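> Starting from the structure of chain A, add chain B where the hints point.
Residue numbers (my numbering), protein chains in the order written: chain A, 165 to 501; chain B, 13 to 337.
In short, the hints are calculated from the structure, not lab data. Keep in mind the model is a prediction, meaning the values are calculated, not measured. Every residue, glycine too, gets a C-beta built ideally from N, C-alpha and C. Treat the hints with caution; some may be incorrect.
[Claimed, not checked] Here are the computed distance ranges between Cβ atoms for each label pair: (1) B/Ala113 to A/Lys420: 55 to 61 Å; (2) B/Val144 to A/Asp423: 50 to 56 Å; (3) B/Asp170 to A/Arg401: 38 to 44 Å; (4) A/Lys311 to B/Pro310: 41 to 47 Å; (5) A/Thr361 to B/Ala316: 21 to 27 Å; (6) B/Asp170 to A/Ala498: 35 to 41 Å; (7) A/Pro461 to B/Tyr182: 52 to 58 Å; (8) B/Ala316 to A/Glu220: 26 to 32 Å; (9) A/Asp297 to B/Phe199: 57 to 63 Å; (10) A/Pro372 to B/Arg334: 24 to 30 Å; (11) B/Val144 to A/Ala498: 52 to 58 Å; (12) B/His308 to A/Asp468: 42 to 48 Å; (13) B/Pro114 to A/Ala498: 42 to 48 Å; (14) A/Gly276 to B/Asp170: 22 to 28 Å.
[Claimed, not checked] Derived BS3-like pairs: lysine-lysine, alpha-carbon spacing no greater than 25 Å straight-line: (15) A/Lys235 to A/Lys270; (16) A/Lys349 to A/Lys315; (17) B/Lys167 to A/Lys270; (18) A/Lys420 to A/Lys315; (19) A/Lys399 to A/Lys414; (20) A/Lys414 to A/Lys478; (21) B/Lys179 to A/Lys235; (22) B/Lys163 to A/Lys235; (23) B/Lys163 to A/Lys299; (24) A/Lys190 to A/Lys270; (25) B/Lys179 to A/Lys270; (26) A/Lys270 to B/Lys163.
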Amino acid sequence: MKKLLVLSAFAAMLASGTALADTSGKKIAFSNNYAGNSWRQAMLDSYGIVTKKAVEDKIVAAADVFTTADKEVPTQAAQVQNLILQGYDAIVINAASPDALNGAIKQACDAGIVVVSFDGIVTEPCAYRVVVDFKDMGKQEVEQMAKFQPKGGNLLEIRGLAGTSIDDAIHAGILEGVAAHPEFKIVGSVTGDWDQTTAQKAVATILPSLPDVVGIVDQGGDGYGAAQAFAAANKPRPTIIMGNRQDELKWWKEQKEKDGYKTWSASIAPGVSTLAFWVAQQVLDGRKDIPHDLLVPYLAFTQDDFEAALPKIKEGGVATHEYTQEEAIAAIKANIK
Amino acid sequence: MTAIAPGTLPKSSPRGNAARARLLRGLLPALSLALVLIAIAWLNPRAISYFGFNLMLNLAIPIALATIAQMFVIAGNELDLSIGTFVGFVGCVTATWLRDAPLLGIAVLLGSIGAYALLGALIHLRNLPSIVVTLGMSFVWQGLAILILPKPGGKAPDWLLAIMSFKPPYVPFPIMAALIIAAVVHFGLMRTSYGVILRGSGGNAAALRRAGWSLLKTKIVLFALTGLFGVLSGMALIGITTSADANIGNGYTLLSIAGVILGGGEFVGGRVSPIGAVIGALTLALAASPLLTFMHIPPDWQVAANGAILIIVLAARVLISRRER
Numbered sequence: 165m166k167k168l169l170v171l172s173a174f175a176a177m178l179a180s181g182t183a184l185a186d187t188s189g190k191k192i193a194f195s196n197n198y199a200g201n202s203w204r205q206a207m208l209d210s211y212g213i214v215t216k217k218a219v220e221d222k223i224v225a226a227a228d229v230f231t232t233a234d235k236e237v238p239t240q241a242a243q244v245q246n247l248i249l250q251g252y253d254a255i256v257i258n259a260a261s262p263d264a265l266n267g268a269i270k271q272a273c274d275a276g277i278v279v280v281s282f283d284g285i286v287t288e289p290c291a292y293r294v295v296v297d298f299k300d301m302g303k304q305e306v307e308q309m310a311k312f313q314p315k316g317g318n319l320l321e322i323r324g325l326a327g328t329s330i331d332d333a334i335h336a337g338i339l340e341g342v343a344a345h346p347e348f349k350i351v352g353s354v355t356g357d358w359d360q361t362t363a364q365k366a367v368a369t370i371l372p373s374l375p376d377v378v379g380i381v382d383q384g385g386d387g388y389g390a391a392q393a394f395a396a397a398n399k400p401r402p403t404i405i406m407g408n409r410q411d412e413l414k415w416w417k418e419q420k421e422k423d424g425y426k427t428w429s430a431s432i433a434p435g436v437s438t439l440a441f442w443v444a445q446q447v448l449d450g451r452k453d454i455p456h457d458l459l460v461p462y463l464a465f466t467q468d469d470f471e472a473a474l475p476k477i478k479e480g481g482v483a484t485h486e487y488t489q490e491e492a493i494a495a496i497k498a499n500i501k
Numbered sequence: 013m014t015a016i017a018p019g020t021l022p023k024s025s026p027r028g029n030a031a032r033a034r035l036l037r038g039l040l041p042a043l044s045l046a047l048v049l050i051a052i053a054w055l056n057p058r059a060i061s062y063f064g065f066n067l068m069l070n071l072a073i074p075i076a077l078a079t080i081a082q083m084f085v086i087a088g089n090e091l092d093l094s095i096g097t098f099v100g101f102v103g104c105v106t107a108t109w110l111r112d113a114p115l116l117g118i119a120v121l122l123g124s125i126g127a128y129a130l131l132g133a134l135i136h137l138r139n140l141p142s143i144v145v146t147l148g149m150s151f152v153w154q155g156l157a158i159l160i161l162p163k164p165g166g167k168a169p170d171w172l173l174a175i176m177s178f179k180p181p182y183v184p185f186p187i188m189a190a191l192i193i194a195a196v197v198h199f200g201l202m203r204t205s206y207g208v209i210l211r212g213s214g215g216n217a218a219a220l221r222r223a224g225w226s227l228l229k230t231k232i233v234l235f236a237l238t239g240l241f242g243v244l245s246g247m248a249l250i251g252i253t254t255s256a257d258a259n260i261g262n263g264y265t266l267l268s269i270a271g272v273i274l275g276g277g278e279f280v281g282g283r284v285s286p287i288g289a290v291i292g293a294l295t296l297a298l299a300a301s302p303l304l305t306f307m308h309i310p311p312d313w314q315v316a317a318n319g320a321i322l323i324i325v326l327a328a329r330v331l332i333s334r335r336e337r
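Bound-form chain A, shown alone (with noise of 0.2 Å):
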């Protein structure tokens, strides 16, 4: 009796610490080192979405966006310390390098400031790391073609921007999907940027020296223009795996009606940056539980639900899911072993 008395007063506890915003005062500032694609204009969206309520609940103080001009890492560099001169309590980052930036996430750290980073994370332990599992999501690509191509056969892999660690992170998983599903075989690579036109442009131009490929593997953005290249072609249209994007889900219905095509898509939510937003509030609160890298799911759509989410995508856009504080809190504490 005694022992649940203090677990309840323990609970209460708790509750009242999440629910007693007592980082009202608190400012936090996003420091964005480029804005140039569908995929980053979804997230400054979500993350304005959610920010703005957050302020007019009065759970923050304030929540500002900074961009940086070029993709260049000094600019980014000097944006974070210019954040810790206007007094920022925290800085959520999508940062233009995992290492470069380490020397200014260590001031941010030592002045007092918590520093989260997404998609574009760094490796200075004393930052959070917001990390979709990008390996997992290559490796669930050939699952996924295996249902649709029980026979196996030949794939095209389309690679993302070269260097990066989500393109090195989603072709481990797609390498490591094929050693366990050995009646696939990776005839052919190209290089798509995770851009519809680049990697048309990539697929056109291997497709003449191709066997016949049953499916493409490939990591988002890439998939319409893979589609339209197979298409100019005249040459048979294989499985592809799709990554959220307004246009890929859109041919992908229009295929759909005309002869039940089928498919798979998955790609991270841009509005992941809303989660490190409430992660950064989170830790404002006075949380010491929560782990410096923290797993979250990647976006994924089926033949039976992707129909749904289309008409919620803007022209051009990209499939998001907006956290709520509580989606976060429970995302954190799936976090927590």
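Leaving out everything else, chain B in the frame of chain A:
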């Protein structure tokens, strides 16, 4: 710049105007820096402190060094479009070999200065446009940087980290460094006799040749100095960021050119000012980032505002030099 016979000297009032305009041109870099500083002080008083200057200006040191590097080639009527990727290359060498195998690292860095000297010789001997040659070299440096460091990473040598995080009493380190850079280069280029020859190679090459000076030698020296300051810039940058990225210096090419021009230099004629170039670099570094951050511009407009500030600052410079003519 042609000599005017004593009898045809213009009357005193236009000459007074020209002198005033020249004074204005000399003061403009300092004036624009003061303006930017006042704006920052007004927007965020907290920034005007020892701690604030350290944070705002430490990334201006590598920019100032890169600007000085660019200034040397501009003094010889050339342009270096590869300085940005060269700084990135030096950064990658600094974060890898200079730490793990110092001798190899030093050899590579000295070799790269040698490469710059050879480039100067090539440009002079074959009479090639420097823009084409250095544009080509920019891809070479970038490629080498990616070869050395395919993925971002590496770590700066400890001695370099110690130098760049040095905290002298009273005067913030970046300001001290800027003063030292400006003083050393000013003395070397403006106060020594060989400095006059170097500038003369851009001002009036034909006269220098007739006087018996080797233009090949001046070009080699100018390019080698560019290489030397490029190396210093890359090392300073890595000392601050602690870790490297093959693309880390790409933005420096245009920043350095803008810095030289803002600092009162001209593209042709050997007219450069080391002190102005350092001030120009500091102004650009401050105007582009801290000022913008403190102004609270909506994110959609920040990129454009950055460009607008650069255009305003450079336009003021152009207006004043036009009055001078």
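> State for each hint whether it applies.
These are the hints, each one checked on the structure:
no. : hint                             : verdict
1   : B/Ala113 to A/Lys420: 55 to 61 Å : 59 Å, holds
2   : B/Val144 to A/Asp423: 50 to 56 Å : 55 Å, holds
3   : B/Asp170 to A/Arg401: 38 to 44 Å : 57 Å, violated
4   : A/Lys311 to B/Pro310: 41 to 47 Å : 46 Å, holds
5   : A/Thr361 to B/Ala316: 21 to 27 Å : 25 Å, holds
6   : B/Asp170 to A/Ala498: 35 to 41 Å : 40 Å, holds
7   : A/Pro461 to B/Tyr182: 52 to 58 Å : 53 Å, holds
8   : B/Ala316 to A/Glu220: 26 to 32 Å : 28 Å, holds
9   : A/Asp297 to B/Phe199: 57 to 63 Å : 58 Å, holds
10  : A/Pro372 to B/Arg334: 24 to 30 Å : 58 Å, violated
11  : B/Val144 to A/Ala498: 52 to 58 Å : 57 Å, holds
12  : B/His308 to A/Asp468: 42 to 48 Å : 46 Å, holds
13  : B/Pro114 to A/Ala498: 42 to 48 Å : 47 Å, holds
14  : A/Gly276 to B/Asp170: 22 to 28 Å : 25 Å, holds
15  : A/Lys235 to A/Lys270             : 20 Å, holds
16  : A/Lys349 to A/Lys315             : 12 Å, holds
17  : B/Lys167 to A/Lys270             : 14 Å, holds
18  : A/Lys420 to A/Lys315             : 21 Å, holds
19  : A/Lys399 to A/Lys414             : 20 Å, holds
20  : A/Lys414 to A/Lys478             : 11 Å, holds
21  : B/Lys179 to A/Lys235             : 30 Å, violated
22  : B/Lys163 to A/Lys235             : 16 Å, holds
23  : B/Lys163 to A/Lys299             : 18 Å, holds
24  : A/Lys190 to A/Lys270             : 20 Å, holds
25  : B/Lys179 to A/Lys270             : 17 Å, holds
26  : A/Lys270 to B/Lys163             : 21 Å, holds
In the structure shown, a violation is registered for the earlier hints numbered 3, 10, 21, in ascending order.
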